[in-house]
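J.: Sequence:
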Amino acid sequence: MRSVTLDRKSRGKPARAQAVRPSTRRDLPKVQPGTVRREKAPGFFSRLMPRFAFFADRPMMAMTGLSVVLALLAALFASGIIGRGFRAIDTGINQTLAHAGFGISEIHITGNRRTPYKQILEVLAMQPGQSIFSADLFGARNRLAQLDWIASAEVHRRYPDAIFVTLVEKRPFALWQAPMNARGEAPIALVERNGNIITTREIEKFSRLPKLVGAGAPQSAAELVDAVKSHRAVSARTAAFARISSRRWNLILDDGVIVKLPEAGWDKQLAALEHLIIDNGILERDVTEIDLRSPTHYFFMLRNGEKKDVQRGKET
3 MRSVTLDRKS RGKPARAQAV RPSTRRDLPK VQPGTVRREK APGFFSRLMP RFAFFADRPM
63 MAMTGLSVVL ALLAALFASG IIGRGFRAID TGINQTLAHA GFGISEIHIT GNRRTPYKQI
123 LEVLAMQPGQ SIFSADLFGA RNRLAQLDWI ASAEVHRRYP DAIFVTLVEK RPFALWQAPM
183 NARGEAPIAL VERNGNIITT REIEKFSRLP KLVGAGAPQS AAELVDAVKS HRAVSARTAA
243 FARISSRRWN LILDDGVIVK LPEAGWDKQL AALEHLIIDN GILERDVTEI DLRSPTHYFF
303 MLRNGEKKDV QRGKET
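Terminal number for the sequence shown in my numbering: 318, no gaps in between.
Honestly, the hints are just simulated from the structure, not real lab data.
For each residue, glycine too, the CB sits at the ideal point set by N, CA and C.
Only true hints are included.
With a straight-line cut-off of 16 Å between C-alpha atoms, the simulated EDC-like cross-links for lysine to aspartate or glutamate are:
{"no.": "1", "residue 1": "Lys-213", "residue 2": "Glu-225"}
{"no.": "2", "residue 1": "Lys-309", "residue 2": "Asp-293"}
{"no.": "3", "residue 1": "Lys-262", "residue 2": "Asp-293"}
{"no.": "4", "residue 1": "Lys-262", "residue 2": "Asp-311"}
{"no.": "5", "residue 1": "Lys-120", "residue 2": "Asp-150"}
Each pair of labels, with its calculated beta carbon distance range:
{"no.": "6", "residue 1": "Glu-194", "residue 2": "Lys-316", "range": "41 to 49 Å"}
{"no.": "7", "residue 1": "Glu-124", "residue 2": "Arg-305", "range": "53 to 61 Å"}
{"no.": "8", "residue 1": "Ala-274", "residue 2": "Arg-195", "range": "21 to 29 Å"}
{"no.": "9", "residue 1": "Ala-224", "residue 2": "Ser-154", "range": "15 to 23 Å"}
Kindly generate the complete structure, drawing on both the sequences and the hints.
T.: Encoded structure:
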């Protein structure tokens, strides 16, 4: 039911009741005829170009300003302010990652037979709980490769929290006594088959390896050492291999006897030496030197200084 309002007059007919209806008419905004266009605001580069033009007309002022800015940046870098800021941000990110489960908790190392586990950990320079993303794998590989015994190294991440290190160690081949230096010393080094030095430390445990003497010996010895091993009588008496003038070899036997091998064809002379040892008992005689360089004769130096030569095939 709608409410109505009645208007009464003192005399006359009563007024008819009328319903009050809400107005449905809206006041529309006044629209001005025509179209209004706004001017386009100048862009960033449009506003910037007049400033460049200002400095272009004043090159000395521009150079001075640039120099001042560069000097300030250099001072900030030199003082470490910027560097400390970057490091602080990096540290915060790494700590967050570590707390999220990406902190190093395991380091697996394989292939280290002679390199101590503790030494490897020190070289890796990775701390428990450190973010696995901050681990410097390239630097770790390079540092491991500098260790005496390491031939190659591989360092890998295994997410979320493990580092795997795979090492290949060098294989010792012989002990090499280098030529005497200016201080009168002849250092002894452990070498690989290719002649590369492994280390000069703690080599006493390798005393059973072949002994090499002289300049260039490590790089040339492998073939001779292998050949001597195939002649059991010679191998049993050989104490060292001496390189002479970077051209040929002498064998130094265990009783001090020197065996001179030729520059070429030395492999055949090993068979001749074995024949002299086994069939002629040459090392039981009073000799200090056996010269096998002649194709027709054996030359012997006796302990009393006497020299003796024997035609090949007629030795007794």
